[in-house]
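Chemist: Letter by letter, the chains look like this.
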Amino acid sequence: MKHIIRSATGALVVGIFVAGCSSTPSASDQAAADTAIGNASQAIDRASGDPHVAKYASSELQRASDSLGQAKTAWNDKHDLQTTTHLAYLAQQRAATAQELANQRTSEERVAAEATRRDRAMAMVAERRTPPAVEVPGTSMAQSLAGFGFGKAKVPTQAKSELSEVANTLKNNPGQVVVIEGHTDSVGSPNYNHSLAMKRAEAVRAALVRDGVESSRITIQSQGEQNPVASNDTSAGRKENRRVQVMIGNTNETAMGSSQAGAATASGSGEQGGQKGQHEQKGQNAQDGERQQ
Amino acid sequence: MMPAHLFHHPSRVLAACCVLALSACANEALNNQLANSREAVDQAKIAGAQERAPAQFDTAVDKLNQAGAAAENRKNKDAMRLAQEAQVDANLARATNDAMQARLAAIEIQKSNDALRAEYLRAHPDYKR
Chain A
1 MKHIIRSATG ALVVGIFVAG CSSTPSASDQ AAADTAIGNA SQAIDRASGD
51 PHVAKYASSE LQRASDSLGQ AKTAWNDKHD LQTTTHLAYL AQQRAATAQE
101 LANQRTSEER VAAEATRRDR AMAMVAERRT PPAVEVPGTS MAQSLAGFGF
151 GKAKVPTQAK SELSEVANTL KNNPGQVVVI EGHTDSVGSP NYNHSLAMKR
201 AEAVRAALVR DGVESSRITI QSQGEQNPVA SNDTSAGRKE NRRVQVMIGN
251 TNETAMGSSQ AGAATASGSG EQGGQKGQHE QKGQNAQDGE RQQ
Chain B
1 MMPAHLFHHP SRVLAACCVL ALSACANEAL NNQLANSREA VDQAKIAGAQ
51 ERAPAQFDTA VDKLNQAGAA AENRKNKDAM RLAQEAQVDA NLARATNDAM
101 QARLAAIEIQ KSNDALRAEY LRAHPDYKR
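Chains as they are written, first to last, in our numbering: chain A, 1 to 293; chain B, 1 to 129.
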């Protein structure tokens, strides 16, 4: 009987010893481990809840989860507080890193989107600010083919000689290009006049192409009723305004930098009225030509 | 003097070799970890984490120094733990730094776009989006 009690006591002592060693950690250790694992779990949950993390930093988040799993194992299997808190710390920092990586990529996406916006805005500003879409570097010759019929786009007979002069100049100078600008008087809606002016420019282009000028050297555009050279109050003035202006210039390779001057004169005469504006324009163009040489 | 018969048995020689090899492995793993941690700290520093994520960066540097000291005192386990923590701290410092930089860039370009837009609308009051 006595030896049974002794062995039972021995077993109990061993049991308590074993329990103290691995099964029931001290309350303070348990609390420390719970805190460490809890913090890491929270950080990982937060990161998992962010869709950007899943999209951009899934591998870092996975590493965080792996460390958390190891931390839990270290606690449950061995009650090794030091290893547990260490692994939980790694998990927490990795979750935070995943979050920051996702933040970075999100901001970078925003930068890219804003850059696209900016390029589009710049293009819009450029489109609206430079009046003619086409640059005429160093205009060396300008002709006005006036006297189009009211509402008509047929090249007027009285302008035939100027037209053939233009065609000859272009044929003799294969390096030059030409800009044809259609205009109307102020009768009718601006939209109608815009398309009528374009048709007049097209008619002049067709005539030049018939005369042997390559269409690749010709650019046409419409100014509608915007730039009259004479008063729209008289029938004679309106006839002057129903015109096509032809500007011959060197290509970009031969002349750089004077495109602004050419562009400004093209639309500069504005509301001046009379022939004054046009004379100034010719003078300006002649100066441009001299500057080229 | 070491008794000569200790290494007569081949299995004992083998066991001794294994112990040596294991400790060499442990050293190599620690040295690799220390090198990786140092690299992570250097990268964070190059990125500018000292200015943009100073708390995390300083923690990483502290732990790296402690890890080096522990390794010198042959406290390999401590050294390994500290080095690993230094690495994740440095990675976090760098990620925080990069995220902040990207955020600043986004704010900057957005501001300039807004200014551009305002300027455009002033110049073209007729423009409707």
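It is worth saying that the hints were derived from the structure and are not from the lab. A few of these clues could be false.
As the list claims (entries may be wrong) - Taking lysine-lysine pairs in the DSS-like style, the calculated list, with each CA pair at most 30 Å apart, reads:
hint, chain 1, residue 1, chain 2, residue 2
1, A, 72, B, 111
2, B, 77, A, 72
3, B, 45, A, 55
4, A, 152, A, 239
Since the structure is predicted, the reported quantities are computational estimates derived from the model, not experimental observations.
Chemist: Hey, residue 45 of chain B versus residue 55 of chain A, does the alpha-carbon distance stay inside 30 Å?
Modeler: holds (27 Å)
Chemist: Verify the proposed pairing of residue 77 of chain B with residue 72 of chain A, using a straight-line Cα cut of 30 Å.
Modeler: This hinted pair holds, its Cα atoms lying about 19 Å apart.
Chemist: Against the 30 Å threshold, does the CA-CA distance of residue 72 of chain A and residue 111 of chain B hold or violate the hint?
Modeler: violated (47 Å)
Chemist: Need the status of pair residue 152 of chain A, residue 239 of chain A: alpha-carbon distance at most 30 Å?
Modeler: Holds. Residue 152 of chain A to residue 239 of chain A sits at ~11 Å (cutoff 30 Å).
Of the numbered hints listed earlier, the single one contradicted by the structure is hint 1.
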